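S.K.: So the sequences go chain by chain: G and E.
Residue numbering for the first sequence follows our numbering, starting at 1 and increasing by one per position.
Residue numbering for the second sequence follows our numbering, starting at 1001 and increasing by one per position.
A few of these clues could be false.
Below, simulated DSS-like cross-link-like pairs (lysine-lysine); rule was C-alpha separation at most 27 Å, straight line [claimed, not checked]:
no.	chain 1	residue 1	chain 2	residue 2
1	E	Lys1116	E	Lys1222
2	E	Lys1404	G	Lys22
3	G	Lys6	E	Lys1385
4	E	Lys1411	G	Lys22
5	G	Lys124	G	Lys81
6	E	Lys1184	E	Lys1078
7	G	Lys125	E	Lys1411
8	E	Lys1411	G	Lys123
9	G	Lys22	G	Lys90
10	G	Lys58	G	Lys22
11	E	Lys1411	G	Lys58
12	G	Lys124	E	Lys1411
13	E	Lys1353	E	Lys1123
14	E	Lys1404	G	Lys58
15	E	Lys1149	E	Lys1353
16	G	Lys81	G	Lys22
Using C-beta positions, here's what the derived DEER-type ranges look like [claimed, not checked]:
no.	chain 1	residue 1	chain 2	residue 2	range
17	G	Asp5	E	Glu1347	28 to 38 Å
18	E	Asp1144	G	Glu36	24 to 34 Å
19	E	Asp1202	G	Asp5	45 to 55 Å
20	G	Arg116	E	Ala1139	33 to 43 Å
21	G	Glu36	E	Lys1078	48 to 58 Å
22	G	Gly18	E	Glu1413	22 to 32 Å
23	E	Ile1407	G	Arg116	22 to 32 Å
24	G	Gln19	E	Glu1413	18 to 28 Å
25	G	Gly120	E	His1288	48 to 58 Å
26	G	Ile105	E	Lys1078	49 to 59 Å
27	G	Asn13	E	Ala1139	35 to 45 Å
28	E	Leu1008	G	Gly120	35 to 45 Å
29	E	Ser1295	G	Glu36	21 to 31 Å
30	E	Ala1139	G	Gly18	33 to 43 Å
Here are a few chain G residues that face chain E, going by a calculated C-beta distance under 8 Å [to be verified]:
no.	residue
31	Pro14
32	Ala34
33	Gly38
34	Arg42
These are calculated hints, taken from the structure and not from any lab test.
Computed from a predicted model, the values in this text were never measured in an experiment.
Every residue gets a Cβ at the ideal spot worked out from N, C-alpha and C, and that includes glycine.
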Amino acid sequence: MAYSDKVIDHYNNPRNVGQMDKSSDTVGTGLVGAPECGDVMRLQIRVNPETQVIEEAKFKTFGCGSAIASSSLATEWVKGKTVAEALEIKNTDIVKELALPPVKIHCSVLAEDAIRAAIGDWKKKNGVTETEQVAVAAH
Amino acid sequence: MSVIEANLEVPAGVTLPIYMDNHATSPLDPRVLEAMIPFFTEKFGNAASRNHSFGWEAEQAVETAREQIAKLIGATAKEIIFTSGATESNNLAIKGIAEMYKERGNHIITQVTEHKAVLDTCKRLEKYGYRITYLPVKADGLIDIEDLKRAMDDKTILVSIMFANNEIGVIQPIAEIGKLCHEKGVIFHTDAVQAVGKIPVDVNSMNIDVLSLSGHKIYGPKGVGALYVRRRNPRVQISAQIDGGGHERGMRSGTLNVPGIVGLGAACEIAGQEMAVEAARLTEMRDHLRRKLESALDYVEINGNMEHHLPGNLNASFVYVEGESLLMGINDVAVSSGSACTSATLEPSYVLKALGLGDDVAHSSIRFGLGRFNTMAEVDYVGDKVIGIVSKLRELSPLYEMVKEGIDLSKIEWAAH
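Let's have the full structure, built from the sequences with the hints guiding it.
M.R.: Written out as structure tokens, the structure reads:
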């Protein structure tokens, strides 16, 4: 299979690899996928409680090159965004950016799921409901 | 942070890319090519032309090849039928026997890790009213001979069990299967594509009645294969599946591929002469690769029985690393993965699953196929490269991290998608 240059770049130089303390209140952790499906992503965000801006993001992924690239790209994209903005990242944006072929679209879906799961975990810890979020214009 | 940069010095004498996928196909031996070339040009005759020297010359070359192939498997030349390859040989054997012996019975026994050319042929016969038993394999990839005994009944006409597996390299107990089949009066066919030319094959001592083989797995050309069909004790008959000029004793019509057949013959002769030395060399390189990988990495699982095993095969799972991402990191080395991600189906290898491997371990597997033209320097390079990439990808793997922290992955509720 031929990979796009961007997938290869993320695979060779994955951004934001690592782990943050998942017991911290400011950290949201999303663990999605399953080993038997061939991909598992863990995406973590550290959110500023005042501004709701995602100040740090980390990931680790078990999966093919496209799965690694999708999650690496997701950490880059969520950093600096507010939680509400990050929720607007769509898997189709990832497909477009990485030029993923149809058989790899599930990798981008998983990355979107990981973002949502991490934000969901952070919200749960902090008792944030949808209405309390800082209103942000669509980007 | 630059995680994946296992840039290795390429040692002297090693040229990239390295081909280590010899179960898929093998390069043509230059000696084989040399034997073939005249039959493309000045010796172009049709082997079926009986009335001029061009035809006689071609026929003579075909008969020489028949002798060379027969000698390698302990058969006689008249028992060799030329085909376009092992897929055709398997189709002809199974469909041809099913049709010829349908008055005697409609039951065929095979096993789950066969090549698709056997499995899908059997599936088609099921549509025509044949009953097929697919024997399971044990965790080491071998069938249980007791299962075979139990599966046989008075309607059983054919047992088709491969000699050696193309993914995990295990060698089935062929002589035992052959003995049992002969005791019960059941025809025994074996797909011996991966075995012929690599390990000793003898159709008489092993009681093999019908055997498929291919040119391009043994440093011969693609597009040519053969089917051995026993003529005595018992005489096996096969209904033709391709009708026409009545070539190959009526079993397979079509003008013979003379250059291909000459190449297959030459490949068999070379394999017979060099088998002992080559098998010892491949086994040494294979074992070296295995030791190297296992001493540098944890969670390496070797798939398939290693006692009854092809010399050049090593199938290993690098658990907690996904196979396709591993292949991507060793893109200057040609190997195969049991990972689903390399196919459109997203299902991992059915062979590895038949051994009882979890999908996650099957996804992590790599098949190394060593062959005649690989060197120890290449094996060392590939070993170092794999070790480097596996280590880097495990730094990226949440599963490896969790296992290292003592978390039992089977206790986690994964959200399957």
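S.K.: All hints, please: hold or fail.
M.R.: Hint check results:
no.	hint	in the structure
1	Lys1116(E) - Lys1222(E)	18 Å, holds
2	Lys1404(E) - Lys22(G)	17 Å, holds
3	Lys6(G) - Lys1385(E)	23 Å, holds
4	Lys1411(E) - Lys22(G)	19 Å, holds
5	Lys124(G) - Lys81(G)	19 Å, holds
6	Lys1184(E) - Lys1078(E)	26 Å, holds
7	Lys125(G) - Lys1411(E)	23 Å, holds
8	Lys1411(E) - Lys123(G)	25 Å, holds
9	Lys22(G) - Lys90(G)	25 Å, holds
10	Lys58(G) - Lys22(G)	11 Å, holds
11	Lys1411(E) - Lys58(G)	24 Å, holds
12	Lys124(G) - Lys1411(E)	23 Å, holds
13	Lys1353(E) - Lys1123(E)	19 Å, holds
14	Lys1404(E) - Lys58(G)	19 Å, holds
15	Lys1149(E) - Lys1353(E)	24 Å, holds
16	Lys81(G) - Lys22(G)	20 Å, holds
17	Asp5(G) - Glu1347(E): 28 to 38 Å	29 Å, holds
18	Asp1144(E) - Glu36(G): 24 to 34 Å	27 Å, holds
19	Asp1202(E) - Asp5(G): 45 to 55 Å	54 Å, holds
20	Arg116(G) - Ala1139(E): 33 to 43 Å	40 Å, holds
21	Glu36(G) - Lys1078(E): 48 to 58 Å	52 Å, holds
22	Gly18(G) - Glu1413(E): 22 to 32 Å	24 Å, holds
23	Ile1407(E) - Arg116(G): 22 to 32 Å	23 Å, holds
24	Gln19(G) - Glu1413(E): 18 to 28 Å	20 Å, holds
25	Gly120(G) - His1288(E): 48 to 58 Å	50 Å, holds
26	Ile105(G) - Lys1078(E): 49 to 59 Å	56 Å, holds
27	Asn13(G) - Ala1139(E): 35 to 45 Å	40 Å, holds
28	Leu1008(E) - Gly120(G): 35 to 45 Å	42 Å, holds
29	Ser1295(E) - Glu36(G): 21 to 31 Å	29 Å, holds
30	Ala1139(E) - Gly18(G): 33 to 43 Å	37 Å, holds
31	Pro14	5 Å, holds
32	Ala34	3 Å, holds
33	Gly38	4 Å, holds
34	Arg42	4 Å, holds
Violated hints for the displayed structure: none, as all numbered hints are satisfied.
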